[in-house]
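Visitor: Chains A and B supply the protein sequences, listed in that same order.
Just so you know, we're using this note's numbering here: the first sequence kicks off at 1 and counts up by one.
Just so you know, we're using this note's numbering here: the second sequence kicks off at 1 and counts up by one.
Since the hints were made in silico from the structure, they are not lab data.
One should not assume that every hint holds.
[Said to hold, decoys possible] No farther apart than 35 angstroms at their CA atoms in a straight line, the calculated lysine-lysine pairs in the DSBU-like style are these: (1) K288/B - K163/B; (2) K112/B - K288/B; (3) K217/B - K78/B; (4) K112/B - K326/A; (5) K174/A - K38/A; (6) K213/A - K112/B; (7) K92/A - K145/B; (8) K217/B - K326/A; (9) K163/B - K145/B; (10) K217/B - K112/B; (11) K217/B - K213/A; (12) K78/B - K145/B; (13) K174/A - K92/A; (14) K78/B - K288/B; (15) K163/B - K295/B; (16) K326/A - K221/A; (17) K288/B - K92/A; (18) K78/B - K112/B.
Remember, predicted model here, so these are calculated numbers, not experimental data.
Here is how the chains run, residue by residue.
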Amino acid sequence: MKAQMNIRSLVNRDNNIVQLLVMTVLIFAVMTALSPDKFLRYYNFESITYIFPELGLLSIAMMIAMLTGGIDLSVVGVANLSGILAGVLFHKMAGAAGIADTGILTVLLGGVIALGTGLVAGTVNGLLITRMGITPILATLGTGQVFTGLAIVLTGGPAIVGFPTAWAFLGNGKILGLATPFVLFAAIAALIAFMLTRTALGINLMLIGTNPKAALFAGLKRERMVLYSYMLTGVLASVAGIILSGRTNAAKSDYGNSYLLQAVLIAVLGGTNPAGGRGTVLGITIAVVALMLLSSGFQILRFSNHLIDFIWGAFLLLVIVINAYKNRTR
Amino acid sequence: MALLRRSETVIAGILLLAMVLIGTINPAFWQLDNLFSLMRSNVIIGIMALGVLLVLISGGIDVSFPAFAVAAMYLTIKGMLALGYNGVVLPLLAATLMGLLLGAVNGFFVYKFRMIPLIVTLGTSAMVRGFLLGVVGTSMININKMPTALIDFARTDVISVTKADGTTYGLTAMVLIYLGLAVAMHLVLRYTMIGRSAYALGGDPEAARRAGFDLRKTIFFIYCVAGALAGFAGLLHSGMIWLANPRDFVGLELDVIAAVVLGGASIFGGRGSVLGTMLGVFMLVMVKNSLIIMKVDTTWQLVAVGLIVIVATALSAWRDRRRMA
């Protein structure tokens, strides 16, 4: 009875979520039909729980930037720079025992540096957008290059390989039988969902995105709220960078290049309005799972990565078309 | 006085200052062959920048043109090899047309679905690159297979100088093509209704619509021209470097956008000039080139370009907000 009520309220609140769920089930069914023996293996789903969190976090970050009608094109740069800075620290501090046995304090320091990188990067973005008045697209396009550029300067190009065991645990360990990245993602997503729907910051951001002028007249501190949103975006990107470097045991300036397109795609697919004012963590989560199922299906069907990029692009345009028609009937 | 207040004058001043500075640090900068090679590097970025200028004036943004350029280039050359055709004019027309059609797709989505141009062009860019590499091929076409007519055409020099040691160097005639296109773009922006409508759209879309501009025509024109220029520049580029690489032009969008913003085009739309853009392109190419001459490690290039974007957009934002206030 209660569950039924919940489902009904969910439908009433946002039928976008239901459409996303239907789409996910459809993708699941089609991929199962095309390749049942390979797609339905436990290993396949387990590996998805390791891979999707980093993309999911980047997509949530993108969604937060979009809430105020902005965008953050520097997320991938921030993620890589965070991982690389931590990696540089570990290599500098590595004792005779080798990097794998780096002490827990050093690992914590690395975490602080990585998250701090995200915070600083997000603050820079936020200040450029609010204080200098640069449009978010160009501001983050520029800073994204600077972050990627600094990553290249630090590494000279090749990847930094080798991270402490404790760090790697964040990327490919297990907590209670579940992938650590998955647990981290669930915790962070819940936290962000709470922030967006239950705290002043989230509600302010929605209002600013819906109608900037009205928000200004209502006395909302627009500049400060937008700045906070980009700081949050930066920190989320650095968490993605930590997970990515932990999972692959390496950090490189050009990892996850195609993540930018995918993060935008997932944000839009998840029901975020790029013009601002609308977006949910739940929508993003379902969208990222749907795309991951699709992507692993394509990989099983032996599509090349280039073709998958083509499909992502086409999917993005398709979502634009569908959203346009949906809004028309409203 | 009016001349002094124009942003082109300011940019030209900064450019001269930078040239003097770089020339003092390394006198090799002023050698004729360095200047010629600088101008040569302006051509491709410059032609693309003319298209991006148009897009920025209209208040949009385009990140798909490098993908269009590489697709038009690679497909045309593949086609030429398949047909055994060796020429210049027809292939250039074909590449331009390909770019134009791809640009029309951008225009269609931007106009019809009122979607943010950045998101549309991110999508088309991924589609075109994915298609090119996933379906057409990933292998480079090297000098031994490149159509000779294209290479000979791109090798034409306007001025040719013989050094004391007998080697010759020259100023490529492609500079003339760039100048011709720039003049044409200047005339279109200045004196035609469609050019003025791009400014109107960038200034205020709603006002432009009420003033009676046909925004559908304007938007299609803008994105088609941007695509066409990219396609043309793409094929010309492969002729100039004697190579057709299907992975070429990655990250070029940032250089070109940086150059256009550096040239005084407003990031809010509605402002920008061809002369300013050409100066901006020259400045960007010069800075990148001079980092090498000044023995700055090449790994710093991305940082430099990123900083240029930030500083140029910050200045543009500061100037335009003061004007609006």
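Visitor: If a hint holds in the structure, say so; if it does not, say that too.
Guide: Here's how the hints hold up against the structure:
no.	hint	in the structure
1	K288/B - K163/B	26 angstroms, holds
2	K112/B - K288/B	39 angstroms, violated
3	K217/B - K78/B	33 angstroms, holds
4	K112/B - K326/A	14 angstroms, holds
5	K174/A - K38/A	23 angstroms, holds
6	K213/A - K112/B	27 angstroms, holds
7	K92/A - K145/B	49 angstroms, violated
8	K217/B - K326/A	25 angstroms, holds
9	K163/B - K145/B	31 angstroms, holds
10	K217/B - K112/B	12 angstroms, holds
11	K217/B - K213/A	31 angstroms, holds
12	K78/B - K145/B	10 angstroms, holds
13	K174/A - K92/A	28 angstroms, holds
14	K78/B - K288/B	32 angstroms, holds
15	K163/B - K295/B	25 angstroms, holds
16	K326/A - K221/A	33 angstroms, holds
17	K288/B - K92/A	32 angstroms, holds
18	K78/B - K112/B	33 angstroms, holds
In the structure shown, a violation is registered for the earlier hints numbered 2, 7, in ascending order.
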